[in-house]
Amino acid sequence: MSEDKPQSTAEVVEKIVEAEEQRTVVRTQDVKKIYQMGEVEVHALRGVDLEIYAGEYLSIMGPSGSGKSTLFNMVGGLDKPSDGKVYIDEVDVAQLDAYELAWLRCRKIGYIFQSFNLIPVMTALENVTLPMVFAGLTSDESREKGMELLSKVGLADRHSHKPFELSGGQQQRVAVARALANDPTVVLADEPTGNLDLKTGTEIIELLRSMNETSGVTIISATHDHKMLSVSDRVVWIKDGRVDHIANRDELDIEVTQVEGEE
Amino acid sequence: MTTYSQLAGGREISLPFSKAIEISISNLRIRFGRSLITTSGVILAIAFLMSVWSNNAIIESLRAADSSEVNLLLQRKGIEIGLDASGAVSAEAQARMDEEASKQLWLISLSLLVCVVGIANAMLMSVTERFREIGTMKCLGALDSFIVKLFLLESTFQGSAGTAVGIAIGFLLTLLLALIDYGTHVFTYFPAAGLIRSAIAAMVVGTLLSLIGAMLPAWRAAKMEPVAAMRSDT
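Here the protein sequences come in this chain order: B and R. Numbering of the first sequence is given in our numbering, commencing with residue 14 and proceeding in unit increments. Numbering of the second sequence is given in our numbering, commencing with residue 170 and proceeding in unit increments.
Since the hints were made in silico from the structure, they are not lab data. What you are looking at is a predicted structure, and each value in this text was computed from that prediction instead of being measured. Worth double-checking, as some hints may not be accurate.
One-sided and incomplete, this derived list gives chain B residues near chain R with beta-carbon spacing under 10 angstroms [what the hints assert, rightly or not]:
1. VAL146
2. LYS175
3. ARG191
Even for Gly, the Cβ is constructed at its ideal location relative to N, Cα and C.
Can you make the complete structure from the sequences, with help from the hints?
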């Protein structure tokens, strides 16, 4: 920032945003994961190096059995590597105890699941405020923030409905609001459109994208939904437990047509 | 490198107890049918316990009354009055009473054991059924202790409600039978203090049993990996 020339707030914000984009939020270093299945050792990951930057929208693609889910769980702090390191916000996940892990999951990461996973006994609003309660917010604070999030996803009028009274798309919207409850650094979306039809799936993808653009939250999604590719900043292809290749946005259009052509 | 607990500062991941109570109550309400079946086990065991205790209390009180009319009724029911001229219990009668008491104890212990096993089984089922929900909560930042709290509370509510009903049923049935056998003498020599003591003891036993039965399932739930929430094949 130059000292002689006063800058407008917008300019400062822009600079901060630029600096943020360069920041690495998740970094994996030669991550390996071996599962012991009876007598057989299964190498789910064979050394993955990956950097995920703040504010980007990253998709992890790969066929089932490629290690996609394993890598996804690793970067989400849900699983620990057999070898190698995973840093989330420059903190080595393997070093965290149960309490710190819970803190990390609560404050830094928001999760969106394929099957929505709303708590069935709770209303939409209670589902959204649950992570805030875990974070220690008072019920007034969390109620206010929960309503704000629900209106952002367009479901403010459904706040008192239970999950079974909502459609799949609506449930996933509530889940998106819940994932954003504690202003996380990263939102992990595991096949977020897997249980939705084409139209609602597209709506959820657009919702995620707009959340990514407005609040600058990093979104990592594991998917094989090609609709997801067009909104991604980068796409990581996983194959046989390794990063096959990484495509940036400008290269994506060609990739998408190729992939679609193969089917 | 800063650790997360430092970042967290004084504000810890805590959950108001009221929230845990709220969740467990709505869990019970939504699975009302099943919790009713689980509770019926507690109701039966405690009803049996309470009926034995209140029967003992009533008979004890009648025996202590030592009125000739009541003694006649007691003897007709084959109950040892067992008082000799000096008013002390004869050795023979005492031995018979002791034997009776140990038999009762054995039956009570068995019924309570069955009850605990029933509770543990039902709670384990409940954990298995909800593994994804538990995983989700852990993903959202729930600590193990919160999950344990949730299940213990649920079982305790279920258990104490069942116990209360069991006490009422056990007492009323015994009272009814005693009225048939001894008529209004039961009220004349009504052992109120003894019955209240028995009811409190039964309440404690019932609630404790529900807690004990839920311990293993709650621990299993708490140890569940949050990855479980990711699985979509259920």
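Violations among the numbered hints: Result: no hint breaks.
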